[in-house]
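Undergrad: If you want the building blocks of each chain, they are given just below.
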Amino acid sequence: MADDSRHDRQGRTSTKFAAKKAATERIAAARAAQAKANRRRNVMVAGGSTLAVVLVVGLIVVVGLSSKKKLSATAVVAAPASVSSAITSAATSTLSATPDISLVGGPPSRLTGAKLTNSAGLPQVLYVGAEYCPNCGATRWPLAIALSRFGTFSNLKTLTSSEASIPTLSFRGSSYTSTFINFDGKEQVDGANKPLETLSAAEDSLFNNFGGSPNGSTPGYPFIDFGGIWKQNGTSYNYTELSGMTPETVAASLSNVAAKPGSTIKASADVYTAIICQMDGGKPANVCTATGVIAATAALAGAK
Amino acid sequence: MQSPEHRVYAPRWAAPVALLLTLAGIGVAIYLTIAHYDTHVSLVCSAKGAINCEKVTSSAQSKVFGIPVALLGLAYFVGMVPLHLPVAWRSADPRIRIGRLAYCASGIVFVFYLIYAEAMIIKAICLWCTAIHAITLVLFTLTVFATALSVPASLVELDDGDD
Numbered sequence: 002m003a004d005d006s007r008h009d010r011q012g013r014t015s016t017k018f019a020a021k022k023a024a025t026e027r028i029a030a031a032r033a034a035q036a037k038a039n040r041r042r043n044v045m046v047a048g049g050s051t052l053a054v055v056l057v058v059g060l061i062v063v064v065g066l067s068s069k070k071k072l073s074a075t076a077v078v079a080a081p082a083s084v085s086s087a088i089t090s091a092a093t094s095t096l097s098a099t100p101d102i103s104l105v106g107g108p109p110s111r112l113t114g115a116k117l118t119n120s121a122g123l124p125q126v127l128y129v130g131a132e133y134c135p136n137c138g139a140t141r142w143p144l145a146i147a148l149s150r151f152g153t154f155s156n157l158k159t160l161t162s163s164e165a166s167i168p169t170l171s172f173r174g175s176s177y178t179s180t181f182i183n184f185d186g187k188e189q190v191d192g193a194n195k196p197l198e199t200l201s202a203a204e205d206s207l208f209n210n211f212g213g214s215p216n217g218s219t220p221g222y223p224f225i226d227f228g229g230i231w232k233q234n235g236t237s238y239n240y241t242e243l244s245g246m247t248p249e250t251v252a253a254s255l256s257n258v259a260a261k262p263g264s265t266i267k268a269s270a271d272v273y274t275a276i277i278c279q280m281d282g283g284k285p286a287n288v289c290t291a292t293g294v295i296a297a298t299a300a301l302a303g304a305k
Numbered sequence: 002m003q004s005p006e007h008r009v010y011a012p013r014w015a016a017p018v019a020l021l022l023t024l025a026g027i028g029v030a031i032y033l034t035i036a037h038y039d040t041h042v043s044l045v046c047s048a049k050g051a052i053n054c055e056k057v058t059s060s061a062q063s064k065v066f067g068i069p070v071a072l073l074g075l076a077y078f079v080g081m082v083p084l085h086l087p088v089a090w091r092s093a094d095p096r097i098r099i100g101r102l103a104y105c106a107s108g109i110v111f112v113f114y115l116i117y118a119e120a121m122i123i124k125a126i127c128l129w130c131t132a133i134h135a136i137t138l139v140l141f142t143l144t145v146f147a148t149a150l151s152v153p154a155s156l157v158e159l160d161d162g163d164d
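These protein sequence lines are chains A and B, in that order.
Per our numbering, the very first residue in the first sequence carries number 2; after that it's consecutive.
Per our numbering, the very first residue in the second sequence carries number 2; after that it's consecutive.
Incorrect hints may appear among the rest.
[As the list claims (entries may be wrong)] Examples of chain A residues toward chain B, derived with CB under 10 Å:
(1) 55
(2) 65
(3) 66
(4) 164
[Unchecked claim] Non-contacting residues of chain A with respect to chain B, defined by C-beta distances greater than 10 Å in every case (computed):
(5) 40
(6) 202
(7) 205
(8) 253
Keep in mind the hints are simulated off the structure, nothing from the lab.
The structure presented is a predicted model; accordingly, all values stated were derived computationally and were not measured.
Note that CB positions come from ideal geometry on N, CA and C, so glycine has one too.
Can you build the whole structure from these sequences, using the hints too?
TA: Rendered as structure tokens:
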């Protein structure tokens, strides 16, 4: 009897233990299954969110690329007398002011090789740009002022660039006379990106060889070759300084070299002037020895 | 040191790959920032046609609240470093896990804006900026998947017990 009772107790104990173990295993299995399900759900959420991101990016790119920007040529008109006279006036009246060279970004870089001259042997400034291009729009103002210190423009035009609406000049169909240098200004395409002025084979070669950044990328607008000794790729200041203005208000700002954009345009014009002085041997002296030009020449000494 | 029960088993590749990508992002962002501030440095990139870095980096959209986007990118990737350290990936602290996900998601939202600006407003693509966007996208993908695959230590121990 006593033996039977012991066996019964042991039997009940082992049954209880087995039941407890089975319950623990069931709980563990349930937790593991739950963890696995959670993980699967998390991976699906991760995959879904990644897919959503990729789809949004793809959508933006596809819509952006398929909606071609319609550039339409803006009106190109003869420069009003107020604009022409403001450029001529800025060319002389601002010479003695010291420029803030720090306002000039992307300064010109040096070129080595053959000098660029016209058929008469005068050192030549070659400009290649486009009428839609806002960077060209910013560049033409200081270039026109600098060139006006060495000669006279006629038939300058004004327009607003079809990209970013920057008020500017156009060299299309203009002429320039100087006893010191020659200026060859080509607007290759108009505001609608349609061909406008054709480059000669020699100009095209210069544009393709030197029109890219110093690191040798493909050519871009604007490109200026200063006599084969300096070149300018792109703009020398941010064109947004001219946003919301008109050619007339930019022209009016040229006399105020204490505030932007007059100060920025003046500083860029002085840098271009200093380069042209290097091209033509420092003539005329009153221009090449002016305070602003001397300061710009000193700044250029550090340029590569 | 974290006690074993307060750690997470993240995929082994998560921290090193994320850190490598973050360093690549820092490198490209430094290049773009230098090119922004140093006018003597030009980006090695086309400046004509659809691929036009100069057009993008000199556009009005190249600054947000007056801060150059290149600088913001640099700050973003520098801020990413502590979140992808191995110790951060091992941490079970939900603030780190969720913070890392939110940080990556905020980068993606900014990338959406930048791609929109390039494709719809500027109409030009900057290859260096695209490299930054791609790195941000891959980092986001890596982070969400590695987080999804991470397992709390308690469950791993449970699995071990079963074995």
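Undergrad: May I ask you to check that residue 202 (chain A) keeps its beta-carbon over 10 Å from the closest beta-carbon of chain B?
TA: The claim stands: residue 202 (chain A) keeps its Cβ more than 10 Å from every Cβ of chain B (closest is about 19 Å).
Undergrad: Close enough to count: is the Cβ of residue 55 (chain A) nearer than 10 Å to one in chain B?
TA: This interface hint holds because 8 Å falls under the 10 Å limit.
Undergrad: Minimum C-beta separation from residue 253 (chain A) to chain B exceeding 10 Å: can you confirm that?
TA: The assertion about residue 253 (chain A) holds, with a minimum of 23 Å to chain B.
Undergrad: Checking the smallest CB distance to chain B, is residue 205 (chain A) really beyond 10 Å?
TA: holds, 14 Å
Undergrad: Would the non-interface assignment of residue 40 (chain A) survive a Cβ cutoff of 10 Å against chain B?
TA: violated, 7 Å
Undergrad: Under 10 Å, Cβ to Cβ, is where residue 65 (chain A) needs to be relative to chain B, so tell me if that hint holds or is violated.
TA: holds, 2 Å
Undergrad: Using Cβ atoms only, decide whether residue 164 (chain A) comes closer than 10 Å to chain B, and label the hint accordingly.
TA: holds, 8 Å
Undergrad: Tell me if the interface restraint on residue 66 (chain A) is satisfied: Cβ within less than 10 Å of some Cβ in chain B.
TA: Holds, because the Cβ-Cβ distance from residue 66 (chain A) to chain B comes to roughly 7 Å (cut-off 10 Å).
In terms of the numbered hints stated before, the structure departs from hint 5 and from no other.
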